[in-house]
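Chains B and A are the protein sequences, given in the same order. Those letters in the first sequence? Residues 519 to 866, per the numbering used here, in order. Those letters in the second sequence? Residues 519 to 866, per the numbering used here, in order.
Incorrect hints may have been included.
The list treats identical chains as one, so a pair stands whether inside a single copy or across any two.
Claimed, not checked - Result set (PhoX-like, lysine-lysine): computed pairs, CA atoms no more than 25 Å apart in a straight line: (1) K669 - K826; (2) K773 - K811; (3) K655 - K836; (4) K848 - K655; (5) K631 - K773; (6) K623 - K669; (7) K589 - K627; (8) K828 - K799; (9) K568 - K537.
No wet-lab data here; the hints were simulated from the structure. As the structure is a computational prediction, the values presented were derived from the model and not from experiment.
Number of protein chains: 2
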Amino acid sequence: MGWERTLDYYGSLIEKRLKSYFSDLIQRAESYHSFVGVVYENFCEYSLRKGKRLASCSTLLSYKGYTSDIKEDILNVCVGIELYRHCILVHDDLVDKDNFRRGEKSFHKIFSKFYDRRFGEGVAVFGGDLIFGLALKSILTSGFPIGKIEKVVNLLVEGYCEVNESQILDLLFEYKDPDINDWSAMVHKRATSLFKASILTGAILGGAPEHDINLLMEVATNIGYSFDIQDDIIDTFATKDQYGRKPGRDIILGKKPLHIIVMRQNANKDELNLLNYVEQKGYITKAQLESIKDSIRRTGALKVAKEKSKKHGEIAKKLIAQTHMNNEIKDFFSSFVQYIEDSLEWYQ
Amino acid sequence: MGWERTLDYYGSLIEKRLKSYFSDLIQRAESYHSFVGVVYENFCEYSLRKGKRLASCSTLLSYKGYTSDIKEDILNVCVGIELYRHCILVHDDLVDKDNFRRGEKSFHKIFSKFYDRRFGEGVAVFGGDLIFGLALKSILTSGFPIGKIEKVVNLLVEGYCEVNESQILDLLFEYKDPDINDWSAMVHKRATSLFKASILTGAILGGAPEHDINLLMEVATNIGYSFDIQDDIIDTFATKDQYGRKPGRDIILGKKPLHIIVMRQNANKDELNLLNYVEQKGYITKAQLESIKDSIRRTGALKVAKEKSKKHGEIAKKLIAQTHMNNEIKDFFSSFVQYIEDSLEWYQ
C-alpha cells in the first residue's frame with residue numbers, strides 16, 4: 519500500500535473512533551449546559567474536516583511498527599493526538615486572524631457569528647484550552663499502564679510548551695526581522711515538536727527499545743524540518759488548484775519562512791520595498807506574487823530552502839532504516855519523506 | 519496563628535521557591551531565544567505581584583494536614599499550582615479585555631506595548647497555553663511517586679477542563695441573560711474547581727485516606743460557592759479603599775453574579791433600564807452605582823446572595839471537622855471560611 523492509501527485506511531479508523539468520542543462528549547456536555555454541547559458540536563465539525571490525519575496516523579503507525587495489532591487503547595490515544603493537533607490550530611487561527619481552516623470557517627469565526635467578534639475570540643481562547651485538557655484526558659484514560667502513560671503525558675506536555683514557545687517567536691518575527699538562527703530556533707520547536715509528540719507516543723506505547731526512541735526523536739526532528747520548509751514553499755509557490763487556497767498568505771501576514779529570510783538577505787531595494795508594501799497592505803495581486811517569486815528564485819533562496827528540506831529528508835530516511843520497526847512501517851515513513859522531497863520539484 | 523498570618527508565612531515559603539524556579543526558567547529560555555526569556559521575566563513579575571497565594575497555600579496546608587513536615591517536592595507542586603492559577607488569569611484578563619491585574623498591567627497589555635494590540639493578545643494566548651504546560655511539568659517532575667502524580671495530573675486536567683467550560687458560560691452570560699440554574703452550572707465549575715484542584719492535590723500527596731478525599735471534595739465545593747458569591751458581592755459593594763480597585767466592574771462588563779441575576783428577576787423597568795444602560799456605556803458613575811446597589815438591596819438580592827454564601831460556609835465548616843486533618847490545619851480552613859462569612863456583613 520502506498521503512503522497515501524495507508525493514511526486513508528488508518529485515518530478512517532481514527533475518524534470512526536473520533537466520531538464516537540465526540541458523540542459521547544456532546545451528550546455529556548448537554549446534560550451540563552446546552553451551550554457547552556454547542557461548543558463541542560462545532561469543535562467536532564472543525565476537527566473532522568477533510569485532512570490527512572498525518573499526526574494521529576503517525577502515532578498509530580509507529581505503534582504498529584512495534585506491535586502487530588491495533589486495539590481500543592491506541593485508538594483512544596490517537597483521539598488525544600487529534601485533539602492536541604486541533605487545539606493548537608484553534609489558537610493559531612485566532613492569533614493569525616485567519617477566517618478559514620480547510621475551506622470552512624475557523625473556530626473563532628464560527629462563534630463570532632453567534633454574537634460578535636469578541637465573543638467568538640473568547641470562545642476560541644477558552645475552547646482551545648479546554649480541548650488541550652480533553653486531549654490529555656484521552657491519553658490519561660486510554661487504558662495503557664501507568665508507566666507508559668506518564669512518559670506520553672510528559673512528552674505531550676513538553677511538546678505543548680515547545681510549540682507555544684515557537685508560536686510566540688513566529689509572531690515576533692512578523693514584527694522584527696529574524697536571521698537564520700532565529701528562524702532555526704523557531705522551527706526547531708514548531709513542526710518538529712508535533713512529529714516528535716506523535717511518532718514517539720506510538721513508539722513508547724508500542725514498547726520500542728530505548729535506542730529506537732532516541733533514533734525516532736532524530737527521525738521526527740528531521741521529518742519536521744523537511745516538512746515545515748516544504749509546507750512554507752507550498753504556501754508561496756503552489757497554485758490554488760494544487761493547494762486548495764490562494765498562495766502568498768505567509769507573505770501578506772509578514773511571516774518569515776526560510777525562503778523569505780534568505781531572499782531578504784540577498785534582495786535589492788526594489789524587491790524589499792515590494793515585500794514590505796504587500797505586507798503593509800495585507801493584500802497581494804497576482805503580478806506582485808509573481809514578482810516576489812522571481813526574487814525568491816533570483817536570490818537563490820528557493821534553492822537554499824529546497825536543499826535544506828531535502829537534506830533533512832535524506833537524514834530521516836537513513837535513520838528510519840536503522841530502527842527496529844517492521845518493514846511495512848519503515849516503508850510508510852520512508853516513502854512519505856520521499857514524497858516530500860519529490861514534491862519540492864513541483865514548485866519552480 | 520490566625521488564618522491571615524498562616525497565609526503570610528506559607529505564602530512567603532512558596533514565593534521563595536517560585537522565585538528560584540523563575541530564575542532557572544529565564545536562564546534556560548535565554549539560551550534558547552532572548553525573547554522567550556523576556557516572556558518568562560514578565561510572567562515572573564505578573565505572578566509574583568502581591569496577593570494572598572490562597573490556592574497554593576491551600577495545597578501546602580491540606581498536605582500538612584496529613585504530614586508533619588514540608589519538603590522540596592511539595593513546594594515544587596505549589597509552584598505548579600501557582601502557575602496553574604495564573605495561566606487561567608492570563609486568558610481571563612485577555613477575554614475580559616481587562617487592562618489591569620492587581621494594580622499593574624495585565625499580561626496582554628504588557629506585550630501590547632512592545633508592538634501593538636494584536637501582538638500583546640497573541641503573546642497572551644500562547645503564553646497562557648505555555649504556562650499551563652509549565653504547571654503540569656512542575657507537578658510531573660516534583661519528585662512524588664508516579665501513582666500520586668498520576669492522580670494529581672488527572673485532577674488538574676479535569677479542573678482545567680471545568681474552569682474553561684465555566685469561562686465559556688461566564689462569557690455567554692454577558693450576551694444572554696442566565697437564570698439561577700445557568701448561574702449554578704457556571705459557578706459549580708468555576709471557583710469550586712480551583713479549590714478542588716488545590717485542596718485535593720495537597721491531600722492526595724499527603725496521603726489522605728479515601729474517605730477524607732471525598733469529604734474534602736465537598737469541602738472545596740462549598741468553600742468555592744461561599745467564596746465566589748462573596749467575591750462577587752465585594753466587586754459591587756466594596757469601596758476602592760476596602761478592595762483596591764473601583765467597584766462595579768462586573769456590572770460594566772455585563773457579568774451575571776448571583777445578586778445581579780436575582781435583582782434582574784425582581785427589578786422594575788427603570789432599574790433594569792439603568793443596568794442595561796451602564797452595561798452598554800461600559801462606564802458607571804458613583805450615583806449610578808449607588809442606585810444599582812439600592813436596587814440589589816430593595817429586591818432582596820443581596821440578602822439571597824449572602825444567605826447562600828453563608829449556607830455553603832456552614833456546610834464546609836461541618837465537613838472540615840469530620841476530616842482527619844490535624845487541628846492546626848482544620849483551624850486554618852475553618853477560620854478562613856468563618857472570615858468569608860463574617861466579611862459579608864461589611865457590605866450593606
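Next on the checklist: For K631 and K773, with the copy left unspecified, which applies at a CA distance of at most 25 Å: within, between, both, or neither?
Outcome noted: between (28 Å within a copy, 21 Å between copies)
Checklist entry - Is it within, between, both or neither when you check K669 against K826 at 25 Å Cα-Cα? => result neither (32 Å within a copy, 44 Å between copies)
Checklist entry - Using 25 Å as the alpha-carbon threshold, which applies to K828 and K799: within, between, both, or neither? => result neither (34 Å within a copy, 58 Å between copies)
Next on the checklist: At most 25 Å between alpha carbons: which applies to K623 and K669, within, between, both or neither?
Outcome noted: neither (35 Å within a copy, 38 Å between copies)
Checklist entry - Is the C-alpha distance from K773 to K811 at most 25 Å within one copy, between copies, in both cases, or in neither? => result For K773 and K811, only the intra-copy Cα distance (15 Å) is at most 25 Å; the inter-copy one is 51 Å.
Item to check | Alpha-carbon proximity context of K655 and K836, limit 25 Å | outcome: Result: close neither inside a copy nor across copies, 35 Å intra and 33 Å inter.
Checklist entry - Between copies, within a copy, both or neither: which fits K589 and K627 at Cα up to 25 Å? => result The answer is neither: 37 Å in one copy and 48 Å across copies each exceed 25 Å.
Item to check | Up to 25 Å CA-CA - K537 versus K568, copy category | outcome: within (13 Å within a copy, 46 Å between copies)
Next on the checklist: At most 25 Å between alpha carbons: which applies to K848 and K655, within, between, both or neither?
Outcome noted: neither (30 Å within a copy, 32 Å between copies)
In the structure shown, a violation is registered for the earlier hints numbered 1, 3, 4, 6, 7 and 8, in ascending order.
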